[in-house]
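Input sequences plus hints: build the corresponding full structure.
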Amino acid sequence: MSSGYWNQKAETCSPDERRALQSERLVKTVSHAYNNQKLYRERMDKSGVLPGDIKSTDDLHKLPFVYKTDLRDTYPYGMFAVPMEQIVRVHATSGTTGKPTVIGYTRGDIETWNECMARSLRMGGVTSSDIIHVSYGYGLFTGGLGAHYGCELLGAAVIPVSTGNTSRQLQILEDFNPTVIMCTPSYACLLAENVQKEKIKHSLRAGFFGAEAWTENMRRFIEEQLGIVALDIFGLAEVCGPGVANECECKNGLHIQEDHFYPEIIDPNTGAVLPEGERGELVFSCITKEALPLLRYRTRDLCSLIKGKCSCGRTTIRMEKPAGRSDDMLIIRGVNVFPSQVESVLMKYNDLAPHYLLVVDRVNNTDTLEIQVEMSDTLFSDEVRKIEKVERGIRGDIESTLGLSVKVKLVTPQTIARSEGKAKRVLDKRVIL
Amino acid sequence: MFITQVSVFIENDPGRLSEITGVLARENIDIRALSIADTSDFGILRLIVNEPDKAITVLQGAGITARKTPVIAVRLKDSPGGLHAVLSLLSNVEYVYAFVSRGENDAYVVIRCENSEKAVEILKNNDVKLLTDAEIFE
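Chains A and B are the protein sequences, given in the same order.
Note that our numbering gives residue 391 to position 333 of the first sequence, counting from 1, and the numbers run on in steps of one.
Note that our numbering gives residue 769 to position 81 of the second sequence, counting from 1, and the numbers run on in steps of one.
Read the hints as simulated data drawn from the structure, not as lab findings.
Just so you know, these numbers come straight off a predicted model, no measurement behind them.
Honestly, I wouldn't trust all of these hints.
With the Cβ distance kept under 7 Å, some of the chain A side facing chain B (calculated, not the full set) [said to hold, decoys possible]:
no.	residue
1	K257
2	M433
3	D435
4	F438
5	E441
6	V442
7	E457
8	V469
9	T470
10	P471
11	Q472
Every residue gets a Cβ at the ideal spot worked out from N, C-alpha and C, and that includes glycine.
In structure tokens, the structure reads:
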């Protein structure tokens, strides 16, 4: 099924060969950042590190970190390391947790991004004969345009559907015969439900889903409902956009395009680099970026790295499917809760729709967590005690996963809001006085 | 020897019950009996209607969770001790509700037992009059 590699040399070279290239690129980028990014120069000076101290990737740990807040503090363009005349595109994040962060790209940055997207698509067996339905949002969000130009570089026919208007999306699936779809995993679930309900005939065989953390159970749901291979695509705007890493058909970790984005796993509390294979916070150094050469950028994503050659033949380092972004993490009565943990429990119940809402509140100074799940025809019974037994079962499973007492509320089907982009899984009603 | 009950899930939320009765009213469905079991979170509405299949279709079409449940309906004497005479024959009764009969001295009661087949047998052996869907709506 595999159609080879988009860039055989970059993806299958020996680790030593790659390490030499990474070191050379890192050295160049450190001096570019030091010379052209005021904030990072000051931070390096403060840490007592000079560009000359970084001779290879072995010295990377000496460099200070960069945080999302740095981009906010220098909003909008303060971290750009090239003059505006060299910038050809600007993207921004949604800014749900504060000011948006603004990302600029030079022509070279865009070319790198497209290259990484093309490599990602080829990993899933996509070729120029494919028709690709892109329903990531087109606009400031990196998903739509990022996916789009990667598809074009690969030579596939891309349908820029963007988000919204589910009935039109279904019509395109039925009439335009796309073979590949790209969207958020939560939207894939919504489309899958509708494809089943409206008996839509489609030609899809693969999908690339990202921009949200998702679980193996959700993958099974999408694969079964749509009859496709569902692969995880990872990226973040600050580092580039989608295509930073992607699963190959082996589905055993996401191959990181590490000749452009050098990964480390650190202890989020101490900042120390963790031993190989341990789970911690993912940190990226953009070793070829011109416009925004972020070094040791704290992604807040939690995962581990997998070294060694994959059965697909690629030698690039892989990241474990991320458990969630620490930005998504809720702290409830002092316990860390990721919506994806709740999701992995719910998806074990075949009868439940993959839509849920975590309602967090504070009653008498104590945090409460209510999990709303939609009732389904098969779980329903005419007897109260049978429904209560279902609720208790779900509650028990979630409580043992989270280590936190919760309330499960079964609600009317189709009443939890469906999202066309990133799903809204949490309603935090806590008012901290 | 069962009649068809329509069981409906109702989230405990303002307006949910009238949403359901609204759907049935629009479709001209005749409700002969009903009972509601409720907890603080949700309720189960149990209905005996003239067209159960149509009721299920229109309710599901409106996004409401509903299913058919076979239940026992008996006709008994509308006099003191009438209900007791029947219930004392049965064990493991899940729920019971009565509805107005159109006869003179009779009462109709819906009974849901854990083991319905066995309950039917016992009732038959004791000459209790079991009702069919047709008899309820005649």
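Per-residue hint verdict: K257 of chain A, partner chain B, C-beta under 7 Å: violated, 16 Å
Restraint outcome when D435 of chain A is required to lie within 7 Å of chain B by C-beta distance: Result: holds, 6 Å to nearest chain B Cβ.
Interface hint compliance - E441 of chain A to chain B, C-beta minimum distance less than 7 Å: Status holds, d = 6 Å.
Minimum beta-carbon distance criterion (7 Å), F438 of chain A to chain B: For F438 of chain A, the interface hint holds, since the closest Cβ of chain B sits about 5 Å away, which is under 7 Å.
Residue hint V442 of chain A, partner chain B, criterion CB-CB below 7 Å: holds, 5 Å
Evaluation of the interface hint that places T470 of chain A against chain B, nearest CB under 7 Å: Holds. Min distance 5 Å.
Interface hint for E457 of chain A, Cβ within 7 Å of any Cβ on chain B: Nearest chain B Cβ about 17 Å off; hint violated.
Hint status (Cβ of P471 of chain A to nearest Cβ of chain B, threshold 7 Å): holds, 6 Å
Per-residue hint verdict: V469 of chain A, partner chain B, C-beta under 7 Å: holds, 5 Å
Hinted contact M433 of chain A with chain B - closest CB pair below 7 Å: With a minimum Cβ separation of about 5 Å from chain B (threshold 7 Å), the hint on M433 of chain A holds.
Chain B contact restraint for Q472 of chain A - C-beta distance below 7 Å: Result: holds, 5 Å to nearest chain B Cβ.
Checked against the numbered hints above, the structure violates hints 1, 7; every other hint is satisfied.
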